[in-house]
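Peer 1: For reference, the chains in residue letters:
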Amino acid sequence: MIKEMLTGNAAAAWGVRLAEVDYVPAYPITPQTEIIEMLARWISNGDVDTKFVTLDSEHSMITAAGAASATGVRVFTATSSQGLLYGFEMLYTVAGWRVPLVMVNVSRALSSPITLEPDHNDILAARDAGFLQIHCETCQEVLDSVLIAYRLAEDERVLLPVLINMDGFHLSFTREPVEVPDREQVVRFLPPYRPKHAFFKASQPMAQGTAVIGGSGYSYFKYQMHFASMGALDVYREVSEEFGRLFGRSYNTTEGYMIDDAEYILIMTNSFSTLGKAAVKRAREKGVKAGLLRLRLLRPFPELGIKEAIRKAKAVAIVDQNISVGKGGILYSEISSVMYNEKERPLLLSFIGGLGGKTISSEEFEFIFDRMIEAVDTGVGKVPYLLYTEMEWKEMEKLKNVAGKGNKNYSNCRGETHNITEHGKE
Amino acid sequence: MLRLRFHGRGGQGAKIASRILGTAAFFEGYYAQDFPLYGAERRGAPISAFTRISKEPILERGIIAEPDSVFVLDETLLDDPHAHPLSGLKEHGIVFVNTARSAVELKDTYKISVQVITLDITKISLKMLGKPILSALAGGIAARIVNLGEDSLKKSIEKELSEIITEKEFLLKNKEASQYCFHAIKPIEIKIAKGIHKANPVITVPFETALISSPTIYTTGNTPLRKTGNWRVFKPVWNYDICTKCMVCVVRCPDACISVNEDGYPYTDYDNCKGCMICVEECPVKAIEGMREAHAW
Numbered sequence: 001m002i003k004e005m006l007t008g009n010a011a012a013a014w015g016v017r018l019a020e021v022d023y024v025p026a027y028p029i030t031p032q033t034e035i036i037e038m039l040a041r042w043i044s045n046g047d048v049d050t051k052f053v054t055l056d057s058e059h060s061m062i063t064a065a066g067a068a069s070a071t072g073v074r075v076f077t078a079t080s081s082q083g084l085l086y087g088f089e090m091l092y093t094v095a096g097w098r099v100p101l102v103m104v105n106v107s108r109a110l111s112s113p114i115t116l117e118p119d120h121n122d123i124l125a126a127r128d129a130g131f132l133q134i135h136c137e138t139c140q141e142v143l144d145s146v147l148i149a150y151r152l153a154e155d156e157r158v159l160l161p162v163l164i165n166m167d168g169f170h171l172s173f174t175r176e177p178v179e180v181p182d183r184e185q186v187v188r189f190l191p192p193y194r195p196k197h198a199f200f201k202a203s204q205p206m207a208q209g210t211a212v213i214g215g216s217g218y219s220y221f222k223y224q225m226h227f228a229s230m231g232a233l234d235v236y237r238e239v240s241e242e243f244g245r246l247f248g249r250s251y252n253t254t255e256g257y258m259i260d261d262a263e264y265i266l267i268m269t270n271s272f273s274t275l276g277k278a279a280v281k282r283a284r285e286k287g288v289k290a291g292l293l294r295l296r297l298l299r300p301f302p303e304l305g306i307k308e309a310i311r312k313a314k315a316v317a318i319v320d321q322n323i324s325v326g327k328g329g330i331l332y333s334e335i336s337s338v339m340y341n342e343k344e345r346p347l348l349l350s351f352i353g354g355l356g357g358k359t360i361s362s363e364e365f366e367f368i369f370d371r372m373i374e375a376v377d378t379g380v381g382k383v384p385y386l387l388y389t390e391m392e393w394k395e396m397e398k399l400k401n402v403a404g405k406g407n408k409n410y411s412n413c414r415g416e417t418h419n420i421t422e423h424g425k426e
Numbered sequence: 427m428l429r430l431r432f433h434g435r436g437g438q439g440a441k442i443a444s445r446i447l448g449t450a451a452f453f454e455g456y457y458a459q460d461f462p463l464y465g466a467e468r469r470g471a472p473i474s475a476f477t478r479i480s481k482e483p484i485l486e487r488g489i490i491a492e493p494d495s496v497f498v499l500d501e502t503l504l505d506d507p508h509a510h511p512l513s514g515l516k517e518h519g520i521v522f523v524n525t526a527r528s529a530v531e532l533k534d535t536y537k538i539s540v541q542v543i544t545l546d547i548t549k550i551s552l553k554m555l556g557k558p559i560l561s562a563l564a565g566g567i568a569a570r571i572v573n574l575g576e577d578s579l580k581k582s583i584e585k586e587l588s589e590i591i592t593e594k595e596f597l598l599k600n601k602e603a604s605q606y607c608f609h610a611i612k613p614i615e616i617k618i619a620k621g622i623h624k625a626n627p628v629i630t631v632p633f634e635t636a637l638i639s640s641p642t643i644y645t646t647g648n649t650p651l652r653k654t655g656n657w658r659v660f661k662p663v664w665n666y667d668i669c670t671k672c673m674v675c676v677v678r679c680p681d682a683c684i685s686v687n688e689d690g691y692p693y694t695d696y697d698n699c700k701g702c703m704i705c706v707e708e709c710p711v712k713a714i715e716g717m718r719e720a721h722a723w
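Line by line, the protein sequences give chains A and B.
Position 28 of the first sequence, counting from 1, maps to 28 under this note's numbering, and the rest follow consecutively.
If you want this note's numbering, it's the 1-based position in the second sequence plus 426.
FYI, nobody ran anything at the bench for these hints, they're computed from the structure.
A few of these clues could be false.
[Stated by the list, open to error] Straight-line C-alpha distance at most 30 Å; calculated BS3-like pairs for lysine-lysine:
{"#": "1", "chain 1": "B", "residue 1": "Lys661", "chain 2": "A", "residue 2": "Lys398"}
{"#": "2", "chain 1": "B", "residue 1": "Lys585", "chain 2": "A", "residue 2": "Lys51"}
{"#": "3", "chain 1": "B", "residue 1": "Lys653", "chain 2": "B", "residue 2": "Lys481"}
[What the hints assert, rightly or not] Simulated restraints on C-beta separations:
{"#": "4", "chain 1": "A", "residue 1": "Tyr92", "chain 2": "B", "residue 2": "Tyr693", "range": "56 to 64 Å"}
{"#": "5", "chain 1": "B", "residue 1": "Ser528", "chain 2": "A", "residue 2": "Arg41", "range": "41 to 49 Å"}
{"#": "6", "chain 1": "B", "residue 1": "Phe633", "chain 2": "A", "residue 2": "Gly214", "range": "30 to 38 Å"}
Nothing here was measured: the structure is a model prediction, and the numbers come from that model.
Glycine is no exception: its CB is placed at the ideal position from the N, C-alpha and C atoms.
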């Protein structure tokens, strides 16, 4: 075991190296990540014995990953943001093949407007495809999740692909100390993949991914995927307990932070949960019984864990780092559906923040706690609140002026004057 | 927790400097975190990098808005509206600037009230490495300013640079340059002060029509306002006695900065020439020379 400073990207690559993956198909151009760069370097140096192939798009890449996985080898691939959406059609397709590949998505906000930093509309777009989803807060968790993901995906009771999510920049480029386990230790946890249901072997023909005509066949296969995904919650518990015994680090489907006696709970996912934890600490110092629940598994959705964690709270604020345009926060809707039929349930408030990697400031967290306390007093919570500060608005006003959208006349570098009304008339 | 921020231009080594500092702190048993931000990854454009060093687990991520110390690898960034390297700097904070000018002169020019330390590390790196690459040197300075030991610095340089520098001799030169810079700075103690936090309330975002709220820019032509000539370390200078007017430099300039004068000789637009030195490389008769430039405007 060594401990060193690794980025989230490097941690993912180390996970793949330790999992002794057989095949890595990759789209090599933007928005591909350093994960693939590192793997390619190790493969070319001979440090890793893996077949590496570059493909012409994420669509082809996911197809290749699914097809290879169907031959019975251990497969890894990675993408980010627009790339995930470019391969979108194949997510549903390969999940239906019931193949246990693992893919990392480095979350970044989607175009338009085009931008760089993270939010979760990319990964949540893939929510219904049949992939299990593990969302990570730290670089260590990224490495560990790759190992856990293979155990989970390859389990005969599951056999569904897994997407591991980490935030672009805030994890992917951020270095923090990470323990890299020994290969011998990893083998005890993750033995080589010996497929029983889908493989390629001479004189043992089979047809995989066949078509069905008629809804009854289709419904049967889809329901079975749903059962497998829901059942993965129990398998996950087994796998993560064993991981904890071997490596001394355990990850539940959800993580509670100062939550046992908490009256006001934040629900968050991914790397911004770190900021939420700091906010909970500050709130506790002020005497607010605050806590945080981080959702680690989003598919299957850890309903029981969520119910138990928040049932007794007075108010719960779901901080969605995503926006379903025309509805609001995606996780708010999901958690509401979990709690609606409960007799004992807290007030649920919805906050949208951190879109495009916008930071969530201490004031914004204070605002969230204030709204929760206020909602408990009045008995109603407003939905949703958009987190945006005065300073950010002023900055935006300045940019709008530069873009020619101010109310006053402005002049460009050639001294020509314009104003917004003129453009309106045009 | 110590919060440190590096400002440089893409390619100068600010990111690696922040890593050298992070790893050195990690070797001394601290919790450390480092993180670069370089937008659309354009060489020469302003970038920043961040290092957090703490005795407790770090419950922060992303940019550092209120640093205890900033390290400015390029003086021209002090005036850059996109970089604003001094923003949010705490009271008692320390500013390091890579410049040929004195601290007093700098404080006066840029109206800096906190402690300023200067050293011309570009000059040192040109002398010791033969290239204006500042990562190891800035790492050495940062390690000294935050009071890390020389051994941790050495180990860190070895760890961070051996992965990116394959040439043994060049790695050694980097180590020497780093140690030279480490010792060129007197030990200082950073006093960790509370941030000067301005109230920043949450507001209700109003609706605006797509005329305003779509990502469309109505104004035209603001690129000329951005003088990229500020990025140069070397400037190309033509010797018309040798020049054969072959026009190779005109064709090769990636920024179309080189034009032809009335007599048919090429000249460059120094307001926008970034000093890439491609013209110097390409000139078949070596009529163009790269001259060291130390300025800010």
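Peer 1: Compare the structure with each hint and give your call.
Peer 2: Evaluation of the provided hints:
| no. | hint | result |
| --- | --- | --- |
| 1 | Lys661/B / Lys398/A | violated, 35 Å |
| 2 | Lys585/B / Lys51/A | holds, 29 Å |
| 3 | Lys653/B / Lys481/B | violated, 43 Å |
| 4 | Tyr92/A / Tyr693/B: 56 to 64 Å | holds, 60 Å |
| 5 | Ser528/B / Arg41/A: 41 to 49 Å | holds, 44 Å |
| 6 | Phe633/B / Gly214/A: 30 to 38 Å | violated, 47 Å |
Violated hints, listed in ascending order, are 1, 3, 6; each of the other numbered hints is respected by the structure.
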